[in-house]
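J.: Protein chains in written order, with our numbering: chain F, 1 to 505; chain U, 1 to 304; chain E, 1 to 353.
Just so you know, these hints were derived from the structure itself, not from any lab. All residues carry an ideal CB built from backbone N, CA and C; glycine is no exception. Keep in mind that the hints are not guaranteed to be accurate.
[Said to hold, decoys possible] Covered stretches of chain E (chain F as the covering partner; in silico rule of three or more C-beta atoms under 8 Å from a C-beta of chain F):
#: 1; segment: 228–234
#: 2; segment: 241–251
[Said to hold, decoys possible] Pulled from the structure, derived: some chain E residues nowhere near chain F, Cβ distances all over 10 Å:
#: 3; residue: A27
#: 4; residue: A34
#: 5; residue: A105
#: 6; residue: A112
#: 7; residue: A125
#: 8; residue: A177
#: 9; residue: L202
#: 10; residue: V205
#: 11; residue: A209
#: 12; residue: L213
#: 13; residue: A280
#: 14; residue: D320
[Said to hold, decoys possible] Here are the simulated distance ranges between beta carbons:
#: 15; chain 1: U; residue 1: L117; chain 2: F; residue 2: G78; range: 50 to 60 Å
#: 16; chain 1: F; residue 1: G78; chain 2: E; residue 2: V20; range: 33 to 43 Å
#: 17; chain 1: U; residue 1: R127; chain 2: E; residue 2: V20; range: 38 to 48 Å
#: 18; chain 1: U; residue 1: L87; chain 2: E; residue 2: L17; range: 12 to 22 Å
#: 19; chain 1: U; residue 1: T239; chain 2: F; residue 2: A440; range: 57 to 67 Å
#: 20; chain 1: F; residue 1: A440; chain 2: E; residue 2: R7; range: 37 to 47 Å
#: 21; chain 1: E; residue 1: G197; chain 2: F; residue 2: A331; range: 57 to 67 Å
Listed below are the residues making up each chain.
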Amino acid sequence: MSAAEADIEALVLHDITKRYAAVVANDRVSLRVRRGTIHALVGENGAGKSTLAHVAYGLVLADSGTVTIEGRALGRGGPRAALGLGLGLVHQHFMLVPTLTVAENVSLGYEPHRGAWLDRAVMAARVRDAAHTLGFELDPDARAGDLSVGEQQRVEIVRALARGARTLVLDEPTAVLTAQEVDDLFRVLRAWVARGHAVVLVSHRLSEVRALADTITVMRAGRVVAERAAGQADAAELAELIVGRRMAALERRPGKPGAVALALEDVHTAGERDALRGVSLTVRAGEIVGVAGVLGNGQQGLVRAVVGLESTVQGAVRFDGEDVAALGVSARRARGLAYVPEDRLEEGLVPDLSLAENLLLAGRAPEFDPWGRLDRARLQVRASASLAEYDVRPRDATLPARALSGGNQQRLILARELGRMPRWLVLAQPTRGVDVGGAAFLHARILAARDAGAAVLLVSADLDEILLLADRIVVLYAGRVADTLDAAGADARRLGVLMTGGART
Amino acid sequence: MDAGLLLFAATLRIAVPYVLAALGGWASERGGVVQIGLEGLLLVGAFTCVWVAHAAEGAGWSGGAAASLGIAAAAVAGAVFASIHALVCIRFGADAIVSGIALNLLAAGATKFLLTLAFGSAANSSRIAGTSASGEGFSGALLATPLVLVAVIAVLACDLAARRTPFGVRLHAVGEHPEAAAAAGIAVARVRTAGVLLSGVLAALGGAHLALDQHQFTAGMASGRGFIAVAALVFGRWTPRGAAGACVLFAAAEALQIHLQAHASRAIPTQLVQMLPYVVTLIALVGVVGRARPPAALGRNAAT
Amino acid sequence: MNAVVHRVRRAAGAAALPGVAVLAALAAGAVPLALLGHDPFALYARLFADTFGSGYGFGQVLFKATTLLGTGLAVAVARHAGLFNIGVEGQMALGGLASACAALALGPACPAAIAMPAALLAGAAAGAAWAAIPGWMRAWRGVHEVIATILLNFIAFALAGFVLIRYLADFETLHTAAIPVAARLPRLESLVPALRGAPVNLDLVIVLALCVLAAFVLARTRWGFEVRAVGMSERAAAAAGIPVRRRMFEAMVVSGALAGAAAANFVQGYKHYFEDGFTAEAGFKGIAVALLARSHPIALVPAALLFGALDRGAFVIGGDVPKEFVDVLQALVLLSVVVAMRRRSRRVAPEAA
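This is chain F alone, in the form it adopts within the complex (with noise of 0.2 Å):
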């Protein structure tokens, strides 16, 4: 690479700002991408690094700012433009069609033909020259759908190539693979980069990400806070940037835990994504036990095994010691389990139903008498004194479900399952979308229902939130439990590294 070539950096983002209602998703956000460099953004949940990606790829266009790569600026063409430019995204979640071969994946959209019909010749040399390039096989005739995950990214990475890509980005690309795996990726990014090309890294994984960079740009809360050269990187100082300084907030009330009421021995969960590989745990009554980690690393398997809506490959869940693996969930609604989803509309709520009905959905409501039938007039009592006790506005309780706002949809769900006196409470990003005033509020009532001897799991990727209320942390990470720390004296740098896989139980 010449001089003057080198000059020209791969990717320029200049001052992004780009802003999603209230949220601030990138806040002036700058970054220089030499070429034949692996580059990475580093960051949790919520702090921009997956938006800066897709503005950098077209997908999303930016309030404000310019994208240049290699030297022109990508307009508003989109992803087609950006790829003209070269450079190509690799999807957190593959975008490839699964019934179809691996060289009618790559040449998706631009066939080569003949005539009428397709060149099968030039699209399997396709696949076949730049796997080579790569340092990979890769058959141009395999099922897209009978690849393995890390197969199927390599399809993604031909793809990218195939088509002109010479900077490469890659959404949290080893979020679902093995070590072995990711071992192999590493070797292709590097192949990559050695012919000149550029990869930019968006990841949460620190530890892998260290070892791969050359450069890493960590984010937080939609701003860029450090950028280091790898050799000079301290580990630690970058977990403790990426989850910010957090002192345990003063308010903090510790529980006063019992007997262990929830118990899970070595789960597993099917699945590829967000399955347990073997966690053990336990939750006394009394006490909340924060699920921290980032986003994908087995918290929705977690979730799902507990409540019952998933059953388990391997290991128990217990109740009071009882393995309810053959109880459905509405078996364990009725032995006292409480369950706050992580997506409000879907399931916690059903948002053309009326704020009254939605009150009706947590098991075997005590409104309908043993003949089935709805008393009404009871159902409205209850409904009125729910919504004045959460404050839910507006306070109609014929107003369907969505018309309520984020927060009080979640003050909703909390009347709904908390005014059961739980003996357990699942929560899944109890106070995600939701503002500072109402998520102290729901944080009051959560710790109300602790008191009240319930045993809590509360899985969330807001730190902040963990540290408040959890009285012992367990840190998720690949599905495994990395560790588990008593809050109190919780060090926000031990966490960061847990969360980012530097240190392994």
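With chain F fixed as given, assemble chains U and E onto it according to the hints.
T.: Only chains U and E this time, still in chain F's reference frame:
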């Protein structure tokens, strides 16, 4: 031996409308748009063919030429009728199942309506000369209408198109994973519309065969063939060859039943034979449902 | 008083969109009429004048509306669970057959108090059993009920035809023997003289009662609530501990029972025998009625009346325009409604089907 050949010829002849309609169903559903309006499209094609051919014969055209014009008109009418489905489902994002039902009702009503207006009878139209004189013998059965050949070619063409042309790959992608297709720069709505229009053309041609074979249009003459075509598509696992194969199977059963009846065999009641294709498909659906997987995006057919 | 006003307002608001759709369809239908040289408005006026203007005409409308109300209710109940019961026609056919068979089996000596409900229940049971098949297939095998019910329709027709011809038909006819008088549903003209001549019968009252019952069950019972929740959001229902598959199955069975009972209007109330092909597209029209009413059991009544009026109106304008024009009009209404209520094709739920 002779009877076997005759049976074979009869099977082919009976199979034509099923095959063409099923291929039409494939073209639409492979792209992700549910198409149960095949019954209506058969009627539209049949009526248009007879109407136009009759008018042409009245203007002095020969039977064969008039029939050809009728066939062409049927294809156009099918495309136009199917474009309603495309508009409603793709552009407006409405439910394709209901749209298909509505279009069947519309076709049934409209063809009867126009039948009365054009031919003065609510039951059947006037006769048209159509193509080949008799339906006797092997070649007579085979070439009863030019559409027998068209059907055979259509199966090959769809099969080839599916696996060997860019359009085929894109149609498949759009029906399996429209987000991936869009990310690859494919105009999803446009590809789907092409599939739906093609379904109109093919199914209408199937209807034209029906009409030419009987030399007239009879109210409700599709008699459920459009729904058997849907069943054949499912049974054939949403591939052109599979669907065509299933259609031939069903047609064979029907030919056999006619043959047995003609020879005064009281062994198998007609209704039970009529039931057979449906029962077989049902069993296949239940037993094979894991493998008879529809296009993944079938049913999510809004334009975005 | 305010509560009543509020509910009327809400109903009016809910009726606005389908109302506009109907008007749009009528307007679209006016085009071919005009092209044929007729005055569309005069024709429409005549259509509605006769259907609602005369006692006999209105009676006919009510008669046709009764069947549509029955099938519409069947479709609506399944819709609430998020399912498309296209098999209403077949369930109705088998229901009618079972009903006639039960009545004939009970014999002329059986008193009306037993014969009438027995025949009705036999019809419902047959419909329920037939709907249980696609219900099971959908709930536990994941087979889409649209395909299954369409296939089962044809099997039902063939089966009914077979049984009829083999065992039951009166000589040289396509219908069974007449059912005993005790099993028949009396005509309403004995109560309302203005309806003299029209075949509208007690089944109208029965079906109306069923609509009210359905409205009650859906809105005020746990089962109804759970079914609606399943139809609106399977995920939320599962998270709430509702047995999703079981409710889907049950909804289909209930839907089939209603469809089977819908045969009573014809078999017990009019011709007094089972006849091959008596269903005459009522199943498909029931789908249109249910959609127009957005599956609300009470709104089904005006929707069924509209379609019933159009059915009746076909005969009225039949002198000038082929009566099939009404079929076209009904199809246009359905199309228009499905476009107008895209993304709202459930009751009021905007999720895609």
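J.: Taking the hints in turn, state whether each one holds.
T.: Right, here's what the structure says about each hint:
| no. | hint | in the structure |
| --- | --- | --- |
| 1 | 228–234 | holds (count 4) |
| 2 | 241–251 | holds (count 3) |
| 3 | A27 | holds (31 Å) |
| 4 | A34 | holds (41 Å) |
| 5 | A105 | holds (34 Å) |
| 6 | A112 | holds (30 Å) |
| 7 | A125 | holds (22 Å) |
| 8 | A177 | holds (42 Å) |
| 9 | L202 | holds (28 Å) |
| 10 | V205 | holds (24 Å) |
| 11 | A209 | holds (18 Å) |
| 12 | L213 | holds (13 Å) |
| 13 | A280 | holds (35 Å) |
| 14 | D320 | holds (45 Å) |
| 15 | L117(U) - G78(F): 50 to 60 Å | holds (51 Å) |
| 16 | G78(F) - V20(E): 33 to 43 Å | holds (37 Å) |
| 17 | R127(U) - V20(E): 38 to 48 Å | holds (45 Å) |
| 18 | L87(U) - L17(E): 12 to 22 Å | holds (19 Å) |
| 19 | T239(U) - A440(F): 57 to 67 Å | holds (59 Å) |
| 20 | A440(F) - R7(E): 37 to 47 Å | holds (39 Å) |
| 21 | G197(E) - A331(F): 57 to 67 Å | holds (60 Å) |
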